[in-house]
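Asks: Taking the hints into account, I'd like the entire structure generated from these sequences.
Residue-level listing of the chains:
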Amino acid sequence: MMQEGLDDGPDFLSEEDRGPRAVNVDLQTDATLQVDISDALSERDKVKFTVHTKSTLPNFKQNEFSVVRQHEEFIWLHDSFVENEEYAGFIIPPAPPRPDFDASREKLQKLGEGEGSMTKEEFTKMKQELEAEYLAIFKKTVAMHEVFLCRVAAHPVLRKDLNFHVFLEYNQDLSVRGKNKKEKLEDFFKNVVKSADGVIVSGVKDVDDFFEHEKTFLLEYHNRVKDASAKSDRMIRSHKSAADDINRIASTLYTLGTQDSTDVCKFFLKVSELFEKTRKIEARVAADEDLKLADLLKYYLRESQAAKDLLYRRGRALVDYENANKALDKARAKNKDVLQAETTQQVCCQKFEKISESAKQELIDFKTRRVAAFRKNLVELAELELKHAKGNLQLLQSCLAVLKGDT
Amino acid sequence: DQRIKKSCSDGMNAYMAYKVTTKTSLNLFNRNEFTVKRRFSDFLGLHSKLASKYLHIGYIVPPAPEKSIVGMTKVKVGKEDLSSAEFVEKRRSALERYLMRTVNHPALLKDPDVIQFLESTELPRAVSTQALSGAGILRMVNKAAEAVNKMTIKMNESDAWFEEKQQQFENLDVQLRKLHASVESLVCHRKELSVNTASFAKSAAMLGNSEDHTALSRALSQLAEVEEKIDQLHQEQAYADFYLFSELLGDYVRLITAGVFDHRMKTWSKWQDAQVMLQRKREAEAKLQYANKPDKLQQAKEEIKEWEAKVQQGERDFEQISKNIRREVGRFEKQRVKDFKVVIIKYLESLVHTQQQLIKYWEAFLPEAKAIA
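Note that the protein sequences, when read in sequence, are chains W and V. Residue numbers 1 to 407, in full-length UniProt numbering, belong to the letters of the first sequence in order. Residue numbers 1 to 373, in full-length UniProt numbering, belong to the letters of the second sequence in order.
Please note that the accuracy of each hint is not assured.
Stated by the list, open to error - Derived DSSO-like pairs: lysine-lysine, alpha-carbon spacing no greater than 27 angstroms straight-line: (1) 49/V to 19/V; (2) 125/W to 387/W; (3) 178/V to 266/W; (4) 270/W to 334/V; (5) 191/V to 229/V; (6) 125/W to 178/V; (7) 110/V to 19/V; (8) 367/W to 370/V; (9) 240/W to 229/V; (10) 229/V to 376/W; (11) 346/V to 390/W; (12) 202/V to 215/W; (13) 280/W to 178/V; (14) 390/W to 277/W; (15) 270/W to 338/V; (16) 202/V to 367/W; (17) 61/W to 48/W; (18) 226/W to 240/W; (19) 277/W to 346/V; (20) 46/W to 139/W; (21) 404/W to 341/V; (22) 308/W to 202/V; (23) 270/V to 281/V; (24) 240/W to 202/V; (25) 404/W to 346/V; (26) 226/W to 229/V; (27) 360/V to 390/W; (28) 127/W to 178/V; (29) 266/W to 165/V; (30) 404/W to 280/W; (31) 266/W to 346/V.
I should point out that these hints are in silico values taken from the structure, not numbers from a laboratory. In this text, all values refer to a predicted model and were calculated from it rather than measured experimentally.
Replies: Listed below in structure tokens is the structure:
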């Protein structure tokens, strides 16, 4: 279902994507709780997701139900996890990015304005392409919101979270307004403090080799994923531009073919037809690279950040623990407020150990998930590239055969 | 059978000299195989001579390659720059195509200037080549055409063939320019794609380095290698796009605008003017019949004879140029069909090669990706 004025364009994504969309995450489909986004509606400035739940858990009133949610409500849920001290030892599944149709919408508007200045064929062609682009962005945002929910549902502890259940079940608007300016500013400062803190905290050498290694690894990995993600985006954009050029070339060749009275008009028409087809394939290659490579990298950029956040929280807890130790020693030395210092120290110790224990498991799981996701996507990427190259090759060779036979 | 190849010698004395090698079995030449050195200005000089001899009688004289000053100065300074090496190759290829077109023209091949250009070791330096560049000629022709139009010639086109052909050429020009622009854009984007793919390859390699799962790390490095090879492929394809497709289109756009039809119009108008003049002279003579001025009358009769001759010449010139143009256009069409067919096939073959390579690379990568455990 799309905006008024747009038809449901041709199915632009590969067949693989029509199935369960959690492509970046290796998940067990657990009968006790299954969540998916069964439908989505794009309106003027928001997207409405239909969140569909199937569950045998006793917590829910029914076994199967649906609610409508918007992006802000997903963010609210994510933030509630982050702010929950109990979950400090988990990698919080990264929040889905905001649906961004601005660029696509702008293009469609420009097209509408320029309708008078182009031929009917050109207009229809461009409209179809832009609609396909819109559809692709739409499908992507649905997938990313779904992945978030699936990750939560798959996590042994988070799936039991009360806010999560409310999110899934409560069929009224959750009334979570987006953060206002003041709150956004506060967030900004919190992040600044956090990163300054992050420097201090990560400077503390860890006794535990595992975490020491993870720290170094994650810092470097995160930066490199960021770089790879940006570069893959640029590469894919160039690819799309080249495909667009081939489209224009095909149109002009067609015109030349119809105008020409000589032998070569057949050539022009045949090649025009060929280029129409190959450029569709080129566009698919770019789209598939976007899905399997760029999106994968983007997702792991966010996940590696979430993992870094976990390490930060553990580091913070370690610092608190060490400070509490120092305070206890001082108190014992002065023989003043010893009991209080002891309880504080015990609390800090427990907190630190709890986080460490779950963090270790979370980081191991993260690696397992990451490896599986990369494997799946790289294999699929290679298979799709091969499929498209072979398709292209066949088109080119059959066209060549016809043209050579003619001369 | 004639083949002309060219290779560059490095810039000596701050100019680039091109080696022109001719292999021929024709009797026109003294030897079967010979090489001479020519500068870019020599080519422009040859073109200007041919243009002045043949354009006005309706021959489609192949235009000389563009003089692009920016590129040339870079080379003169002697910078070993990728773009200057590219520029030199672009120019060499353009000069070669120019010569091939010229010698493929049966009349131009026999022209003594052409033979001298190909054969003689020393060539008198062409002067004032500034105005003689392709663009210069174009400007001259356009000015002439403008002048013709300004004379408000509504030529009585008795020949439907010419009207039709002119329209066809105009349409062809428009479409070829559009196509040329799109292909140039494609070349640009493919080059960009190549650069961005190389950049991504490096980034993927770095990512592979920091990945601590061994099998995944190896697969990522392999991915980086594949992408590096693909970037090379894109670069090569961009060159093919350019040299095969784009340059040919550019050549044809310039060929069409060589303006033979305008010269015919000029010839026609000259003939018409002569007729008008003749009419005036006859009227003047008729008047003089009744005045008593025998000298003036004699002069008038002589002028009438002069203008009758001019009218006859004008008519002959017009018929000749029309005949020439018909022949030239026929030849041009044949050549165009051949050229385009050959180039299109070559271009498609280059695309086939690219896809075959892509298949090879991804087929090699797939097992690596599957091996991630």
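Asks: Enumerate the violated hints, using their earlier numbering and listing them in ascending order.
Replies: none
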